[in-house]
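Chemist: As given, the protein sequences belong to chains A and B, one line each in that order. Counting in our numbering, the first sequence runs from 141 upward without gaps. Counting in our numbering, the second sequence runs from 141 upward without gaps.
Some hints could be false.
Identical copies look the same in the list; a pair holds intra-copy or inter-copy alike.
[Stated by the list, open to error] Derived lysine-lysine pairs resembling DSS-like cross-links, with alpha carbons at most 27 angstroms apart:
#1 K295 <-> K379
#2 K402 <-> K357
#3 K291 <-> K322
#4 K202 <-> K182
#5 K142 <-> K163
#6 K166 <-> K182
#7 K182 <-> K167
#8 K142 <-> K153
#9 K142 <-> K167
#10 K167 <-> K211
#11 K166 <-> K142
Simulated from the structure, these hints should not be mistaken for laboratory data.
There are 2 protein chains.
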Amino acid sequence: MKTYLDCIPCFFKQALYSARMSKASKKTQKAILEQLARTIQKISLKFSPPEMARIIHKQMYKLTKEYDPYKKVKLQSNKMALKIFNKLKRKVSHSQDRLLMATELAIAGNIIDYGAKHSLSVDNELKKILNYENKFIKKEGERLFNYQSFKRVLKRAKTILYLADNAGETVFDRVLIEEIKKMDTKKEIVYAVKEKPAINDALIEDALFCGIDKSAKVISSGVDAPGTVLSLCSKEFLKLYRKADMVISKGQGNFEALSAVKRPIFFMFMAKCPVIAREVNCEIGNIILLFKGKK
Amino acid sequence: MKTYLDCIPCFFKQALYSARMSKASKKTQKAILEQLARTIQKISLKFSPPEMARIIHKQMYKLTKEYDPYKKVKLQSNKMALKIFNKLKRKVSHSQDRLLMATELAIAGNIIDYGAKHSLSVDNELKKILNYENKFIKKEGERLFNYQSFKRVLKRAKTILYLADNAGETVFDRVLIEEIKKMDTKKEIVYAVKEKPAINDALIEDALFCGIDKSAKVISSGVDAPGTVLSLCSKEFLKLYRKADMVISKGQGNFEALSAVKRPIFFMFMAKCPVIAREVNCEIGNIILLFKGKK
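The following block holds chain A by itself, in its conformation from the complex:
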């Protein structure tokens, strides 16, 4: 997905928020916005939003010297999500369609996104998910929730590449991954996280902290952007990406990076900004399970 003009105000908001997360002085915050203003004049909008965000955050780190401003926030999100892990598992085991519930929860967990929401009360959002009675989780029907295709492809898939999005959300991913393994323990699932800090995206340490490695192989995609931009991926990752029977892509950032590729992918995310909502023709807050590519 290309960057829209509407993304530009959002880049400024994101940069300011990240600068504050880095504890930058007001002077540095202003310098960061001015630098971004210079960048905006130069970069082509043909880049996808995660590519733009990567450039912006790289420049920012030079000014703030803060390599991982969301480190603390990521750890908090992991801990808060882990606290409700058993409750999430119970929700799944008490539901009529276990896989459906696990899938819905995995997508709902995508709410833990500091890139799209800027300020966020993870605690409140988790409470909303737990209190869900088909109210919080809004779906647009089969058009944007291709569950039947998902189930069909999943059943046959032997190797599954699962592209992670945010820290904390990893716990929700674990619930779904464990459910998939329960279907067939022989399924090989690889959980790919980012190589270097990118907003609050999960890194290897987050995946391990949340216990994903108990049921999936955890790898890095090689990427240091808040979305799996193929041109930035490692050779090892790309090999796997090409040969996997199924790719599950979590989050807006991965959708923005991969929505135009030919490879069949199941995109799972919560629509959190008007640009994405327009792109897939849904409302903000909808949970999306979209199959793109050859069916």
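Following the hints, complete the assembly by docking chain B onto the known chain A.
Modeler: This is chain B only, laid out in the frame that chain A set:
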């Protein structure tokens, strides 16, 4: 009030929205954002947000050649608000404290603000106001709703300068002005609008269209910014501003322009952005009646 760093993303959003209101091509929209990016690097944040907005919109007009992009929207707002004028009057006449109700409605009418809200369904907002049962109108108590001082000063004031904000909102202002005149027909009320287009701020034509001239004298402040910036006001206006027994200032823009002046002013607005909410220490959506200056 000075401009905060948080205002910068908002300037970009505003510029993009205004560019679209001007029916600018995508190329021009991008040029406008790039020009704004250049401006941001140069201007001091000591200017108030309305002064910044004035510079930005002046530059924009050069690219779009559209002098009054909100003309149609302003007319629509006027028409929609006029449609409910009788209902608003009935609300006042059926209430126990007529002046209080008229004041609350006048502030609630400040929701019709394309500067702060960017996209807005005036129709929906008006419905919310009409269906109000002390639910839509949220107040923070006497600290931010100085109604007793307002009533006291109003009672004694012979000349009242009323600074208008947005088109459409003028109808709500008319309700309050007529209520004040009902208290004492000898009170002289002057309703000051902007001289030239500034977002959806009311001009002379809007005041007349909404029938304000039936109970107040309508003048222009001489300003072409979305806030009554004193250094831009005409001599005639400033004379009146200095000698009036009471100044009522409507809207965020006027508050941003005048919050630091020494002259006693009653500020009435709905808090619509996080910066203003932080500035006065309230929540977004609160209606504010704030007396500043010597008491």
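Chemist: Which hints, by number, does the structure contradict?
Modeler: Checked against the structure, no hint fails, so every one of them is satisfied.
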